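Trainee: Take a look at the letters that make up each chain.
Protein chains: 2
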Amino acid sequence: MENGVLVKIISKLLRVGASEKLEKILRTSSPSEIQLIFSKLDASQKSAFFNLLFHQKVVSQTIRDLSQEVLEEIFHNISLEVALDLIQKLQPDDAADLMGKLPQEQSQWFLDKLDPVKKTQILKLLTYGKNTAGGIMNPNFFTLSQDSTINKAIELLRTKTQLEMVFYLYVVDEGRHLMGIVSLRQLLMSQGTVLLKDIMDSNVISITVNQPQTEVAQLIKRFNFLAIPVVDENKKLLGVVTIDDVINVIQEEATQDLYRMSGVEKDERVFTPIRSSIKNRAPWLIINLATAVLAAQVVGFFEGTIQKVVMLAAFLPVVAGMGGNAATQTLTIIIRGIALGELTFKEMKKALIKEIWVGVANGVINGIIVAVIAYYWKGMPMLGFVLMLAMIGNLFVAGAAGVLVPLGMKALKIDPAIASTVIVTTFTDCFGFFFFLGLSTLLIKYLM
Amino acid sequence: MENGVLVKIISKLLRVGASEKLEKILRTSSPSEIQLIFSKLDASQKSAFFNLLFHQKVVSQTIRDLSQEVLEEIFHNISLEVALDLIQKLQPDDAADLMGKLPQEQSQWFLDKLDPVKKTQILKLLTYGKNTAGGIMNPNFFTLSQDSTINKAIELLRTKTQLEMVFYLYVVDEGRHLMGIVSLRQLLMSQGTVLLKDIMDSNVISITVNQPQTEVAQLIKRFNFLAIPVVDENKKLLGVVTIDDVINVIQEEATQDLYRMSGVEKDERVFTPIRSSIKNRAPWLIINLATAVLAAQVVGFFEGTIQKVVMLAAFLPVVAGMGGNAATQTLTIIIRGIALGELTFKEMKKALIKEIWVGVANGVINGIIVAVIAYYWKGMPMLGFVLMLAMIGNLFVAGAAGVLVPLGMKALKIDPAIASTVIVTTFTDCFGFFFFLGLSTLLIKYLM
Chain D
98 MENGVLVKII SKLLRVGASE KLEKILRTSS PSEIQLIFSK LDASQKSAFF NLLFHQKVVS
158 QTIRDLSQEV LEEIFHNISL EVALDLIQKL QPDDAADLMG KLPQEQSQWF LDKLDPVKKT
218 QILKLLTYGK NTAGGIMNPN FFTLSQDSTI NKAIELLRTK TQLEMVFYLY VVDEGRHLMG
278 IVSLRQLLMS QGTVLLKDIM DSNVISITVN QPQTEVAQLI KRFNFLAIPV VDENKKLLGV
338 VTIDDVINVI QEEATQDLYR MSGVEKDERV FTPIRSSIKN RAPWLIINLA TAVLAAQVVG
398 FFEGTIQKVV MLAAFLPVVA GMGGNAATQT LTIIIRGIAL GELTFKEMKK ALIKEIWVGV
458 ANGVINGIIV AVIAYYWKGM PMLGFVLMLA MIGNLFVAGA AGVLVPLGMK ALKIDPAIAS
518 TVIVTTFTDC FGFFFFLGLS TLLIKYLM
Chain L
98 MENGVLVKII SKLLRVGASE KLEKILRTSS PSEIQLIFSK LDASQKSAFF NLLFHQKVVS
158 QTIRDLSQEV LEEIFHNISL EVALDLIQKL QPDDAADLMG KLPQEQSQWF LDKLDPVKKT
218 QILKLLTYGK NTAGGIMNPN FFTLSQDSTI NKAIELLRTK TQLEMVFYLY VVDEGRHLMG
278 IVSLRQLLMS QGTVLLKDIM DSNVISITVN QPQTEVAQLI KRFNFLAIPV VDENKKLLGV
338 VTIDDVINVI QEEATQDLYR MSGVEKDERV FTPIRSSIKN RAPWLIINLA TAVLAAQVVG
398 FFEGTIQKVV MLAAFLPVVA GMGGNAATQT LTIIIRGIAL GELTFKEMKK ALIKEIWVGV
458 ANGVINGIIV AVIAYYWKGM PMLGFVLMLA MIGNLFVAGA AGVLVPLGMK ALKIDPAIAS
518 TVIVTTFTDC FGFFFFLGLS TLLIKYLM
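Residue numbers (our numbering), protein chains in the order written: chain D, 98 to 545; chain L, 98 to 545.
The reader is advised that the hints may include incorrect statements.
The list makes no distinction among identical chains, and a pair is therefore deemed to hold if it is satisfied within one copy or across any two copies.
[As the list claims (entries may be wrong)] Keeping only pairs whose Cα atoms sit at most 20 Å apart, straight-line, the calculated EDC-like set for lysine to aspartate or glutamate is:
{"no.": "1", "residue 1": "137", "residue 2": "439"}
{"no.": "2", "residue 1": "198", "residue 2": "169"}
{"no.": "3", "residue 1": "143", "residue 2": "178"}
{"no.": "4", "residue 1": "363", "residue 2": "350"}
{"no.": "5", "residue 1": "137", "residue 2": "444"}
{"no.": "6", "residue 1": "363", "residue 2": "349"}
{"no.": "7", "residue 1": "118", "residue 2": "329"}
{"no.": "8", "residue 1": "447", "residue 2": "365"}
{"no.": "9", "residue 1": "510", "residue 2": "191"}
{"no.": "10", "residue 1": "332", "residue 2": "169"}
{"no.": "11", "residue 1": "227", "residue 2": "350"}
{"no.": "12", "residue 1": "227", "residue 2": "364"}
{"no.": "13", "residue 1": "137", "residue 2": "169"}
{"no.": "14", "residue 1": "446", "residue 2": "349"}
{"no.": "15", "residue 1": "105", "residue 2": "444"}
{"no.": "16", "residue 1": "510", "residue 2": "252"}
{"no.": "17", "residue 1": "198", "residue 2": "362"}
{"no.": "18", "residue 1": "446", "residue 2": "365"}
{"no.": "19", "residue 1": "405", "residue 2": "439"}
{"no.": "20", "residue 1": "447", "residue 2": "364"}
{"no.": "21", "residue 1": "118", "residue 2": "298"}
{"no.": "22", "residue 1": "542", "residue 2": "444"}
{"no.": "23", "residue 1": "294", "residue 2": "252"}
{"no.": "24", "residue 1": "186", "residue 2": "212"}
{"no.": "25", "residue 1": "363", "residue 2": "439"}
{"no.": "26", "residue 1": "507", "residue 2": "439"}
Calculated from the structure, these hints are not laboratory results. The model shown is predicted, which means the values in this text are computed figures rather than measured ones.
Turn these sequences into a full structure, and let the hints guide you.
Mentor: Structure representation (structure tokens):
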């Protein structure tokens with residue numbers, strides 16, 4: 098739908114109060130469309146629109162997807178009382194998410210006005226690391242004592258309609274220590290007088306509150322769980338992570354590797370304000386500039402050779418480009434392998450041998466092609482030979498550095514996706530130019 | 098755990114038949130560990146190990162994650178009867194997945210030996226596109242007539258213990274057209290004599306069988322669904338996609354963008370055999386070689402200028418590298434934006450203006466830095482000035498091409514992640530060299 102038309106329709110629907118139709122439209126709108134619509138509405142409409150946004154089911158998803166800037170703009174445009182009322186209605190984990198995205202003073206203002214139970218829950222959640230099990234868990238869940246009957250459990254469940262996504266009932270002792278779980282399906286299939294302790298699965302897989310969110314995601318994925326209980330060191334139940342939270346984690350982590358390898362901030366989106374984008378991307382470019390100047394020094398070292406055979410200059414970008422591309426291929430495989438837990442230090446040697454072979458083989462293939470091109474273009478067989486050797490050497494370096502650098506980063510507890518690209522391409526640039534211009538210098542009399 | 102020790106423990110457990118302990122170990126092993134363990138076992142152990150692998154709950158996950166090569170090796174090492182028996186036990190969607198990964202003759206052999214119902218189901222599934230709703234749905238699901246009572250539904254449900262992940266009951270008419278859904282929770286909370294049609298939600302969101310799997314994933318994610326029904330054009334129910342299938346889709350799609358941008362095949366893993374890796378990666382390198390030669394021609398065009406001021410050669414890699422890095426940043430944001438549905442053609446102009454501004458601003462920042470470096474290194478203010486202008490021009494091209502090329506690809510129905518990188522870096526290389534060497538030629542008398 099054309100965006101202008103969409104805004105008009107929405108203004109009209111807001112005016113006549115047709116909230117059901119509006120909800121339907123909003124559910125199928127992307128965050129960027131929501132952002133656009135919001136920016137086109139007038140003040141009173143903004144408030145009504147916001148209200149609607151927070152009432153519908155997709156709200157938690159929308160909050161997660163909207164950027165910090167848009168959320169701040171939204172909160173700037175509605176009355177604080179409306180906002181407060183709506184925050185009160187959010188699940189604690191979603192509310193904590195939102196608080197984390199708002200400016201410090203603003204979130205403090207809201208926290209002070211919230212009811213004390215909710216405030217305590219949110220503050221507790223905010224103490225856990227953002228990327229840990231505690232940071233994504235929901236502290237509201239459904240617990241029962243092990244001596245309850247099925248009938249009692251069903252009766253209690255009926256009163257808990259506001260809980261999101263109940264899949265399992267958690268059976269705890271008096272100290273809220275996790276004793277077992279009962280699935281809805283088991284509840285449905287058992288006699289009403291049976292005790293929970295007789296049907297519960299007491300071999301529960303749980304996760305401790307400080308474990309990284311990626312481990313939560315891996316567990317849920319591997320075991321096809323719908324939810325996983327989060328406990329402290331003494332097995333006391335603290336919260337539950339549900340599968341919908343994990344979908345976001347999986348998507349974020351995969352996007353993060355891509356972003357980090359390209360030198361882009363995790364939070365940057367297509368319509369992040371220009372100033373933030375410039376600030377986000379400049380450091381990466383400046384680091385790359387520094388390494389490019391390093392490579393330029395290598396070339397500068399051979400200025401005498403280039404002076405004699407100036408056509409060598411034309412092939413410098415070929416040498417650098419091929420090394421960089423081969424290195425990126427190896428890095429992509431190795432960094433994803435590390436992220437997905439498929440590559441460990443023990444297998445380093447095997448991976449190293451493989452990547453070196455792949456590099457050398459592709460060096461030979463591309464070396465022959467470029468040698469033929471050089472021969473026909475410049476009529477010089479020796480230039481072709483030098484280029485071929487330089488290509489093989491450079492792709493050897495690309496394969497070796499592409500394995501060793503990310504694994505070295507990992508050993509130093511640095512995310513390999515962050516720094517490996519720039520380090521490895523510095524290696525391929527410098528060694529590539531050194532091989533190419535060094536060989537040319539040695540064989541200069543055949544090149545003139 | 099050290100892999101050698103792990104293999105010994107597993108051999109021993111296989112010998113004594115301690116399958117529970119073994120299952121526990123296998124569940125927490127990664128596909129690459131499973132592959133390694135498998136390769137170290139002798140023939141009889143391989144068969145027992147395989148049997149175990151297919152009996153445990155994580156089997157569908159394992160099949161999805163194991164590479165084609167490992168699966169072929171596994172199937173090469175066990176008796177066909179054992180394999181057949183186990184395939185028979187798989188859910189149809191997992192079996193179809195597996196058939197798709199085996200060599201044609203082998204999967205045909207298995208299909209002919211399977212029971213006819215299963216065979217028909219699998220063949221039907223194989224006719225749907227691999228990346229469509231049909232390709233990932235499970236054709237086994239739980240349907241009921243709208244005139245059933247709750248008690249009847251619960252009774253039927255008890256008999257269907259082999260169904261994976263029942264979250265909703267699908268209510269259909271005589272022609273199997275989808276009429277509504279009832280959740281397990283609703284079932285639990287209603288009186289036994291109530292009719293399904295009185296509690297069912299008839300406003301069901303479904304997906305047609307040929308829609309792409311990414312749309313299925315977006316719907317499930319947006320609405321926090323656990324499962325979504327798949328229908329044909331006449332709303333006849335054909336299958337169900339569950340949330341665990343979608344987790345794989347989301348992970349695959351994000352990885353795919355990263356892989357395609359780096360010129361790596363989607364299926365390549367750390368230990369893909371060397372021959373396959375060479376074959377997979379060579380075409381990308383050859384294409385890049387062709388475009389690098391194109392850029393080399395631009396440099397060759399200015400050989401006269403380089404002959405006069407040979408130090409210009411040293412700065413060629415700086416110009417090319419900065420253009421390539423800035424272009425990759427823009428491409429990453431734009432390609433992910435397109436993939437996540439955040440960027441449409443209508444917003445192209447806005448994105449274009451933004452990226453050009455970001456490019457020019459970072460061009461000015463890095464241009465000034467490199468000008469200062471050139472001044473101190475070579476003592477030539479004019480060289481610095483030329484480099485700065487070239488950098489600004491090149492980062493302008495990076496921003497503009499970084500938006501226009503992927504959106505153009507999308508308009509041509511080509512995945513922007515596949516071809517954009519090579520096209521855009523060709524632009525930045527050629528224009529960068531042209532700006533830098535062209536300006537140098539114009540201002541040559543100030544550079545000598």
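Trainee: All hints, please: hold or fail.
Mentor: Going down the list of hints, with the structure as the test:
{"no.": "1", "hint": "137 <-> 439", "in the structure": "between (48 Å within a copy, 18 Å between copies)"}
{"no.": "2", "hint": "198 <-> 169", "in the structure": "within (8 Å within a copy, 49 Å between copies)"}
{"no.": "3", "hint": "143 <-> 178", "in the structure": "within (14 Å within a copy, 66 Å between copies)"}
{"no.": "4", "hint": "363 <-> 350", "in the structure": "both (9 Å within a copy, 17 Å between copies)"}
{"no.": "5", "hint": "137 <-> 444", "in the structure": "between (56 Å within a copy, 15 Å between copies)"}
{"no.": "6", "hint": "363 <-> 349", "in the structure": "both (8 Å within a copy, 19 Å between copies)"}
{"no.": "7", "hint": "118 <-> 329", "in the structure": "neither (45 Å within a copy, 26 Å between copies)"}
{"no.": "8", "hint": "447 <-> 365", "in the structure": "between (37 Å within a copy, 16 Å between copies)"}
{"no.": "9", "hint": "510 <-> 191", "in the structure": "neither (30 Å within a copy, 37 Å between copies)"}
{"no.": "10", "hint": "332 <-> 169", "in the structure": "neither (38 Å within a copy, 43 Å between copies)"}
{"no.": "11", "hint": "227 <-> 350", "in the structure": "within (13 Å within a copy, 25 Å between copies)"}
{"no.": "12", "hint": "227 <-> 364", "in the structure": "within (14 Å within a copy, 32 Å between copies)"}
{"no.": "13", "hint": "137 <-> 169", "in the structure": "within (16 Å within a copy, 57 Å between copies)"}
{"no.": "14", "hint": "446 <-> 349", "in the structure": "neither (30 Å within a copy, 27 Å between copies)"}
{"no.": "15", "hint": "105 <-> 444", "in the structure": "between (60 Å within a copy, 18 Å between copies)"}
{"no.": "16", "hint": "510 <-> 252", "in the structure": "neither (50 Å within a copy, 54 Å between copies)"}
{"no.": "17", "hint": "198 <-> 362", "in the structure": "within (15 Å within a copy, 37 Å between copies)"}
{"no.": "18", "hint": "446 <-> 365", "in the structure": "between (37 Å within a copy, 18 Å between copies)"}
{"no.": "19", "hint": "405 <-> 439", "in the structure": "neither (50 Å within a copy, 53 Å between copies)"}
{"no.": "20", "hint": "447 <-> 364", "in the structure": "between (36 Å within a copy, 19 Å between copies)"}
{"no.": "21", "hint": "118 <-> 298", "in the structure": "between (44 Å within a copy, 18 Å between copies)"}
{"no.": "22", "hint": "542 <-> 444", "in the structure": "neither (46 Å within a copy, 58 Å between copies)"}
{"no.": "23", "hint": "294 <-> 252", "in the structure": "within (17 Å within a copy, 23 Å between copies)"}
{"no.": "24", "hint": "186 <-> 212", "in the structure": "within (11 Å within a copy, 53 Å between copies)"}
{"no.": "25", "hint": "363 <-> 439", "in the structure": "between (23 Å within a copy, 15 Å between copies)"}
{"no.": "26", "hint": "507 <-> 439", "in the structure": "within (14 Å within a copy, 33 Å between copies)"}
Hints 7, 9, 10, 14, 16, 19 and 22 from the earlier list are contradicted by this structure; the remaining hints agree with it.
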